[in-house]
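**Student:** Top to bottom, those sequences are chains W and L. Numbering-wise, the first sequence is residues 6 to 531 according to the numbering used here. Numbering-wise, the second sequence is residues 2 to 543 according to the numbering used here.
One thing to keep in mind: the hints can contain errors.
Here are the computed lysine-lysine pairs in the BS3-like style, where the Cα-Cα straight-line distance is at most 27 Å [claimed, not checked]: (1) Lys435(L) x Lys54(W); (2) Lys149(L) x Lys273(L); (3) Lys85(W) x Lys178(L); (4) Lys335(L) x Lys54(W).
Computed, partial: chain L to chain W, Cβ under 7 Å [stated by the list, open to error]: (5) Met67; (6) Leu164; (7) Lys279; (8) Gly365; (9) Glu379; (10) Arg391; (11) Pro411; (12) His414.
Please keep in mind that the hints were generated in silico from the structure rather than gathered at the bench. Where a beta carbon is used, it is the ideal one built from N, C-alpha and C, also for glycine.
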Amino acid sequence: MCSIHTVIPHPLFCCCYETLNGKCLALRTNITSFSKAMSENGALPLRGKVLTLDTMNANVKKVDYAVRGPIVQRAVQIEKELKEGVKKPFEEVIKANIGDAHAMGQRPITFFRQVMALCTYPQLLDDNKFPEDAKNRARRILQSCGGNSIGAYTTSQGIDCVRHDVANYIQRRDGGIPSDPDNIYLTTGASDGIVTILKLLTTGEGRTRTGVMISIPQYPLYSASIAELGAVQINYYLNEEKCWSLDISELQRSLQAAREHCNPCVLCIINPGNPTGQVQSRQCIEDVIRFAAKENLFLMADEVYQDNVYAEGCAFHSFKKVLFEMGPEYSSKVELASFHSTSKCYMGECGFRGGYMEVMNMDPEVKAQLTKLVSVRLCPPAPGQALMDLVVNSPQPGEPSYQTFMKERTAVLSALAEKAKLTEEILNTVPGISCNPVQGAMYSFPRITLPERSINEAKAKGQAPDMFYCMKLLEETGICLVPGSGFGQREGTYHFRMTILPPTDKLKIMLNKLKEFHQKFTQQYS
Amino acid sequence: RVLPIFEYPGVTCGDALPRWRRSAPPILGFKNALLNPTSDMRFLTAEAKVSAGRLNGKMREKTLTMDTLNPQVKAVEYAVRGPIVIKAGEIEKYLEEGGTKPFSEVIKANIGDAHAMGQQPITFLRQVVALCTFPELMDSPSFPEDAKWRARRILQGCGGHSLGSYSASPGVECIRKDIAAYIEQRDEGVPSDWENIYLTTGASDGIMTILRLLVSGKDSSRTGVMIPIPQYPLYSAAISEMDAVQVNYYLDEDNCWALDINELYRAYQAAKLHCQPKVICIINPGNPTGQVQSKKCIEEVLHFAYEENLFVMSDEVYQDNVYTPDCQFHSFKKVLYEMGPEYFNSVELASFHSTSKGYTGECGFRGGYMEVINMDPEVKAQLVKLLSVRLCPPLAGQAAMDVIVNPPQPDEHSYKQFHQEKSSVLGALADKAKLTEQILNAVPGIKCNPVQGAMYAFPRIFIPPKAVEEAKALGMQPDMFYCLRLLEETGICVVPGSGFGQKDGTYHFRMTILPSIEKLKVLLGKVRDFHISFLKEYSALE
Chain W
6 MCSIHTVIPH PLFCCCYETL NGKCLALRTN ITSFSKAMSE NGALPLRGKV LTLDTMNANV
66 KKVDYAVRGP IVQRAVQIEK ELKEGVKKPF EEVIKANIGD AHAMGQRPIT FFRQVMALCT
126 YPQLLDDNKF PEDAKNRARR ILQSCGGNSI GAYTTSQGID CVRHDVANYI QRRDGGIPSD
186 PDNIYLTTGA SDGIVTILKL LTTGEGRTRT GVMISIPQYP LYSASIAELG AVQINYYLNE
246 EKCWSLDISE LQRSLQAARE HCNPCVLCII NPGNPTGQVQ SRQCIEDVIR FAAKENLFLM
306 ADEVYQDNVY AEGCAFHSFK KVLFEMGPEY SSKVELASFH STSKCYMGEC GFRGGYMEVM
366 NMDPEVKAQL TKLVSVRLCP PAPGQALMDL VVNSPQPGEP SYQTFMKERT AVLSALAEKA
426 KLTEEILNTV PGISCNPVQG AMYSFPRITL PERSINEAKA KGQAPDMFYC MKLLEETGIC
486 LVPGSGFGQR EGTYHFRMTI LPPTDKLKIM LNKLKEFHQK FTQQYS
Chain L
2 RVLPIFEYPG VTCGDALPRW RRSAPPILGF KNALLNPTSD MRFLTAEAKV SAGRLNGKMR
62 EKTLTMDTLN PQVKAVEYAV RGPIVIKAGE IEKYLEEGGT KPFSEVIKAN IGDAHAMGQQ
122 PITFLRQVVA LCTFPELMDS PSFPEDAKWR ARRILQGCGG HSLGSYSASP GVECIRKDIA
182 AYIEQRDEGV PSDWENIYLT TGASDGIMTI LRLLVSGKDS SRTGVMIPIP QYPLYSAAIS
242 EMDAVQVNYY LDEDNCWALD INELYRAYQA AKLHCQPKVI CIINPGNPTG QVQSKKCIEE
302 VLHFAYEENL FVMSDEVYQD NVYTPDCQFH SFKKVLYEMG PEYFNSVELA SFHSTSKGYT
362 GECGFRGGYM EVINMDPEVK AQLVKLLSVR LCPPLAGQAA MDVIVNPPQP DEHSYKQFHQ
422 EKSSVLGALA DKAKLTEQIL NAVPGIKCNP VQGAMYAFPR IFIPPKAVEE AKALGMQPDM
482 FYCLRLLEET GICVVPGSGF GQKDGTYHFR MTILPSIEKL KVLLGKVRDF HISFLKEYSA
542 LE
């Protein structure tokens, strides 16, 4: 049966499974599901399949998404093994691979969930256990839904009053710079918005194919979407020695090089950075905008971590605000789409898939095309839209829920700040690990020094050395991290991404296990 | 002042369309400028361009313009939310602001949006989702135990027991298991493997994802996708977006929109000359056509797919919406099984369901699932990878889907109320299906097939030659012209047949049967009056 799978080695999974089974290149679950399909149906397929690795969309094959890649699949498998009573050197798998706050035990913001419950089951509007401010918001949201139900389709761009609230929020956040509700599009999480804008921008063939500039290290949604759309990925490297800051000369270099083989027309920025955790200075943002204006680039600013800034001396500056402060020469010219989400910050409501984007200076005809394109998917989930509304229209001083809300919000954010500091400190005490300050976002992306022998062993197995490292870490300690190679890194350097989301006690245990593992690993291979 | 309707700029622009479509008649190809040469929309466009350029002291090209836009996006058309609906929205706003029209409200019969038409949510479903959303309610005595039990079970399947965590990309495990159990029960014991179930963001998302896997090749090896005409325009839109080749097979209007196997062969043979047909899409019960396929017809389709090596996509989102007593829903999966192992072990089939239709009509939750059988395991791994990039479908939608596949049982507390609500919705829909067919068929120049299932009537309308000429002079499809007039004069918003595709020279519109009985009667009366006066105006009726 293995021959079936080894004809074409699986591009995503083969590398890690090789080490695990030692002989078969194929993904274990593939084999199981395949044999199951056979036994369930009682016979071998009688005719060739229509859809095979050979006939399928080649761009889909190129897609890679490490955050939920092979290491995470293995983690899930280990969890199952533990449940079935298999003995391991640890009792539980700690999933520090993904920014999923609630899964790590963070509690939802009470006010948000109250309003969501009221919207879902309006009979609760008569329940006196719910505060008035929650009821008011629920009533307002329901009034803008068709048939006053969250079960109706909304307009494709999103519920009217939610878009207005988003615009007001942006205006407040940016010190009064106007925001037009017509420029706001609700989305199914930020990912959906990013993919949609990239879809509009991707065109051309060969040397005229759209090039998309992304930071390295990057959040792999970008590389995955670029692969799926068949656009050209243009890497610009962040400066690890300078706390992952962005260098304009590096932007210039990568743009120049890319112009030889494609048509660069988009520049993507993630601020605060994922996976790198840096917060961009105002000056840096200004330089980026000037660069985009000069080079005629469409700017995409991924600002989903805008509330996650921890380091003293750092502040979040929105691209929109800086753009407008640079004067009409820029603010009436540079095309910018910025993205936000319900999944991060202090609420961490990933499961609701809420988000929005604001587009500035988009050609009105193209905007009509954007509206048409999003209408095919009908609308973003209405509960996610409602939640987004609460994030931008949270309880105000004087409202009954204000105090509880602020208490919960502050508790989450200060715990995160503490954990950011703790992570940096502990990791930097380990010889062979060096970690930049986690100024913002939810991740630490330390550099790890790997002994030559481990690198050779990994390469002999056809594995990225940091994948080899993370896989071993998972097998020996139950800690699930994502190797730096999944995000991109300078050649010859190795990293991993870990979230700072586990509760402080657990995080300490985890970091200490990591420390021990690293020391052992270094000894073993030196 | 009401803004004039505007076309999506470039929608019908010849060079924006893939080659195979250039010869096809433009669907929404009326020129706005002809209707109103001083379109506000266009004026604004021009103004914005000039001011942006001038501030910089020189004209500056935008990075993203109609010229540089992804041409596949330009080619996308989606009539259900197209220009006529935008126009309806404008009229609504105009009325709200105190403007006057010969009617007091816009009735949107363009989209299958049950709650917007006043249908009440199923209490039990909302109770479970509210409990999942705000688990503090578990202590409330006003929620029944069977709802609490289901909510607890769903939350136990969620990371950190919260609806706010990401789920696995194919969906929450226990929900996938419930779906498999539901399918097995529905199909009277035909096995369903939960690992073949993928939760989706509405059925549309699943359909797009499967098509995305299937589309490959260049020129004559490009993937061809067979779709019924008339079709639900998600299909044509997705095909345009992915630059696949649309292969039309026509349903037989004279035979109650039945699918004729000879027509499938014809379409397939013709398409093979310029592309590689790899997929056949079926919508059963039909949208917009409302027919329910017989078991024999499904067998023929599956045999055809088996013979010609086609991947089968069966859109079964209306599986609970069957109204005529002599019709019954047969799932493609079940029929395939009954055809024997030779078929059941080989035909690749993806079938789709959703929370948006049926008796729940929960469109806003964007819940849905697909079941994929006989998919190459390596391709399945690719599918999981592709889904993982978008992280997961919305959890509230997944929870709603769970309630649909795992509703209250006869021995449970909520059963009676649940059953009552469900039958009342489905009973009313059956009444409205009958009523719509009857009233429309009484109008001279309108002919309507029985609405056996789904949520729409798709009547054929006679448009007098003089009206056809007038429409064409405006650069407009005749049924678009008709529907626009209907909207302007009565406030009724329906979608022209040209948005779904129809045999050349025939004209239709799609209307939903969702308004309440009283409103539906008023609506149908207005359609009748309008149609008669339209015929008179164009002097086809003495």
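**Student:** Please go over all the hints and tell whether each is borne out by the structure.
**Tutor:** Hint by hint, here is what the structure shows:
1. Lys435(L) x Lys54(W): 43 Å, violated
2. Lys149(L) x Lys273(L): Given that 27 Å is the threshold and the Cα spacing comes to 55 Å, the pair is violated.
3. Lys85(W) x Lys178(L): Holds, because 16 Å separates the two Cα atoms, which is no more than 27 Å.
4. Lys335(L) x Lys54(W): Holds - the C-alpha atoms of Lys54(W) and Lys335(L) are around 20 Å apart, at most 27 Å.
5. Met67: Hint on Met67(L): holds, closest Cβ of chain W at ~5 Å, below 7 Å.
6. Leu164: 5 Å, holds
7. Lys279: 5 Å, holds
8. Gly365: Holds, because the Cβ-Cβ distance from Gly365(L) to chain W comes to roughly 3 Å (cut-off 7 Å).
9. Glu379: 5 Å, holds
10. Arg391: Hint on Arg391(L): holds, closest Cβ of chain W at ~6 Å, below 7 Å.
11. Pro411: Pro411(L) check fails; min Cβ-Cβ to chain W is 24 Å, beyond 7 Å.
12. His414: 17 Å, violated
Hint violations for this structure: numbers 1, 2, 11 and 12, all remaining hints satisfied.
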